[in-house]
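Going down the list, the sequences are from chains A and B. The opening residue of the first sequence carries number 1 in our numbering; numbering runs sequentially from there. The opening residue of the second sequence carries number 1 in our numbering; numbering runs sequentially from there.
If you are wondering where the hints come from, they were derived from the structure by calculation, not from laboratory data. Where a beta carbon is used, it is the ideal one built from N, C-alpha and C, also for glycine. Warning: the hint list may mix true and false statements.
Said to hold, decoys possible - Ranges between beta-carbon positions, derived for each pair:
id : chain 1 : residue 1 : chain 2 : residue 2 : range
1  : A       : D24       : B       : Q11       : 16 to 22 Å
2  : A       : R196      : B       : E17       : 39 to 45 Å
3  : B       : I104      : A       : K160      : 52 to 58 Å
4  : B       : K36       : A       : K181      : 21 to 27 Å
5  : B       : R81       : A       : S223      : 22 to 28 Å
6  : B       : D16       : A       : D111      : 19 to 25 Å
7  : A       : F138      : B       : E75       : 33 to 39 Å
As the list claims (entries may be wrong) - Derived, one-sided and incomplete: chain A residues facing chain B with beta-carbon distance under 10 Å:
id : residue
8  : R13
9  : H55
10 : K69
As the list claims (entries may be wrong) - Computed cross-link-like contacts, DMTMM-like style, restricted to lysine to aspartate or glutamate with a CA-CA straight-line distance of at most 25 Å:
id : chain 1 : residue 1 : chain 2 : residue 2
11 : A       : K107      : B       : E67
12 : A       : K185      : A       : E30
13 : B       : K35       : B       : E75
14 : A       : K185      : A       : D169
15 : A       : K107      : B       : D90
16 : A       : K108      : B       : E7
17 : A       : K82       : B       : E67
18 : A       : K203      : A       : D24
19 : A       : K108      : B       : D25
20 : A       : K10       : B       : D25
21 : B       : K28       : A       : D162
22 : B       : K45       : B       : E89
23 : B       : K68       : A       : D80
24 : A       : K204      : A       : D218
25 : B       : K88       : A       : E183
26 : A       : K160      : A       : E183
27 : A       : K171      : A       : D150
28 : A       : K108      : B       : D16
29 : A       : K10       : B       : D92
30 : B       : K45       : B       : E7
31 : A       : K204      : A       : D172
32 : A       : K82       : B       : E71
33 : A       : K82       : B       : E51
34 : A       : K17       : B       : D16
35 : A       : K10       : B       : D16
36 : A       : K82       : B       : E82
37 : A       : K10       : B       : D100
38 : A       : K82       : B       : E75
39 : B       : K48       : A       : D143
40 : A       : K180      : A       : D150
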Amino acid sequence: MNCIIIDDEKMARVILKTLCNEIDSLNLLEEFSNAIDAIKYLNENKVDLIFLDIHMPNFSGLDFIRSLKNPPKIILTTSDPKFAIEAFEYDFIVDYLLKPLALPRFKKAIDKAEAKELKAASSTINNNFSKNEVDNDFYVNIDRRLIKIDLPSIYLIEAKGDYIKIKTDHKDYTVHSTLKKIEGKLPGSLFLKIHRSYIINIKKIIDIEDNSVLIMKDVIPVSRSKRPELMKRLDLL
Amino acid sequence: MEQPNLEYINQLARGDESIKNELIDVIKTEFPEEKKDYYNSLESKEYKRIEENVHKLKHKISILGLEKSYEIANEFEHNLRELSLDRKEDFDEILIAISDYIEII
Chain A
1 MNCIIIDDEK MARVILKTLC NEIDSLNLLE EFSNAIDAIK YLNENKVDLI FLDIHMPNFS
61 GLDFIRSLKN PPKIILTTSD PKFAIEAFEY DFIVDYLLKP LALPRFKKAI DKAEAKELKA
121 ASSTINNNFS KNEVDNDFYV NIDRRLIKID LPSIYLIEAK GDYIKIKTDH KDYTVHSTLK
181 KIEGKLPGSL FLKIHRSYII NIKKIIDIED NSVLIMKDVI PVSRSKRPEL MKRLDLL
Chain B
1 MEQPNLEYIN QLARGDESIK NELIDVIKTE FPEEKKDYYN SLESKEYKRI EENVHKLKHK
61 ISILGLEKSY EIANEFEHNL RELSLDRKED FDEILIAISD YIEII
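Same shape as in the complex, but just chain B (with noise of 0.2 Å):
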């Protein structure tokens, strides 16, 4: 599986570490929020909010520079939108990647 990486936050920080650390903290702050609201809206099996947890999640994907997983998170909210789980396993997988990322950096 492809590893997230820092290189998007680095090109935007242009060298400037105060923005990246900016960008790294509201990652670590925003990610495991936004995780949290995703797991609480399988558990009601609202499709609806999943899909808008997902959309969000899938930002934080791009930004971690993990070009295959947005993909992934694409086909998972296509499949929210027809009332399909499909590719939950997938995308789960991601956010673990994610998590453990995130407590690194």
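Just chain A, same shape as in the assembly (with noise of 0.2 Å):
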């Protein structure tokens, strides 16, 4: 999971980043000391976990939640629960941490949110290929020409500088594009980005081993922040 740091004082920052490098499924992005430079960061980046600390002055955690229009999850970071019994009228809130924050409450708080995003994966998979076939497709526009590409026929997304390479089961599409954009496009049940240069199907792999999986006749590295994640999403015996 892609996270953020929210929280004016440093030393609680640097405590939350010491506990985020403890857990191989977190990637943390950015740190803030205040909650408007995060919404501003927010509304380029995607991002799948914020660690926010209730207690700022001028512009609260509570002031942060209630300005956000697609909040991904939080994990409230406090000194006084009260402060916490509000926020947690909204369902995004995964749970709330007690400073100081120690390793063990902190990972169990980091598995609440790997089973709310689990959960919203699924449910994602039901909505995508019972629901809506126009779902299932995207338009990308190639020397001018929209061209429809089906999503379930894509197996891999490559990062090339300005440029991505869209790889289906029939054509390669080459697309002026980034991966974050594309990202934000693609059902999160069907695709996972492995590497920061690479976006897979992962209903399309054939097999992993180590650090990369063998995806159509493509190689593809695997960072060691996203194995854990991948291997969650596959269906072992």
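Take each chain as given, in its own frame, and dock them per the hints.
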């Protein structure tokens, strides 16, 4: 899970960073000393989980929560549990942690966040494959032509500088875009970013060996931080 | 009075000296700044700001394993919300104890 930290106290940020480093499935993207900078960042970047201090001067954690349009999962951090009560009205609040934070309780909160993520992914599968066929494709702009691409036929998307290469069962397409942009259009149930340069269709994996996957004829590296998430998504016997 | 200690920091660092040193460095830098902000806010008698500064310092108190002092800080923070400075002297003593301690770590 890609996460960020918002806390006005440097000590709290360093402690959270230390704890995040203990969990393989967490990828800490950024840390912020105020909520306003975090809002700007969230407008441009996809984040799965936020560690949010409630008690901050000027613009509090609660002000921040109320300002979010599409909130990711949030774990509250606070020295005072009564500040967390109001926030629990929101279903995207996964848990709250009392300061000073300790690893065993931190791990439990991450487990809760991961369980919530898996539940959301399985509900996306149901929605995508039963409800609406239109959700199963999208259009890309190549040389001023809009070309329809069937989502399940995509097996690999590769970053190539300012371009991405979309590989499907039938054909490859080179599109002027970024992995970050296309990631938002793909169903999380089917696709997973396993490396900063690669998104794969997990249903097309042939085999996995150490830190790489074989998908069609391509051998793709898997980042160490992404491997636990990949393993969770596979139907292991 | 109870003495500050590094028990929590040692638990967090799990034997990694670089993490331990980073945490100690942050305390040594951030605590004097927060203490200064606290006394400045006391001078200007801005209760909201005093409360915010006590809240920040409270975290340092807990990190240094001062459980009883943490309760005192909680009470002081609560009193400030009622615009009372009750327990200020006790809180100030805690700050002195921490200031002395971070000089020697």
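Subject >> Hint numbers contradicted by this structure >> reply: The structure breaks hints 2, 4, 5, 7, 10, 15, 19, 21, 25, 30 and 39; every other hint is satisfied.
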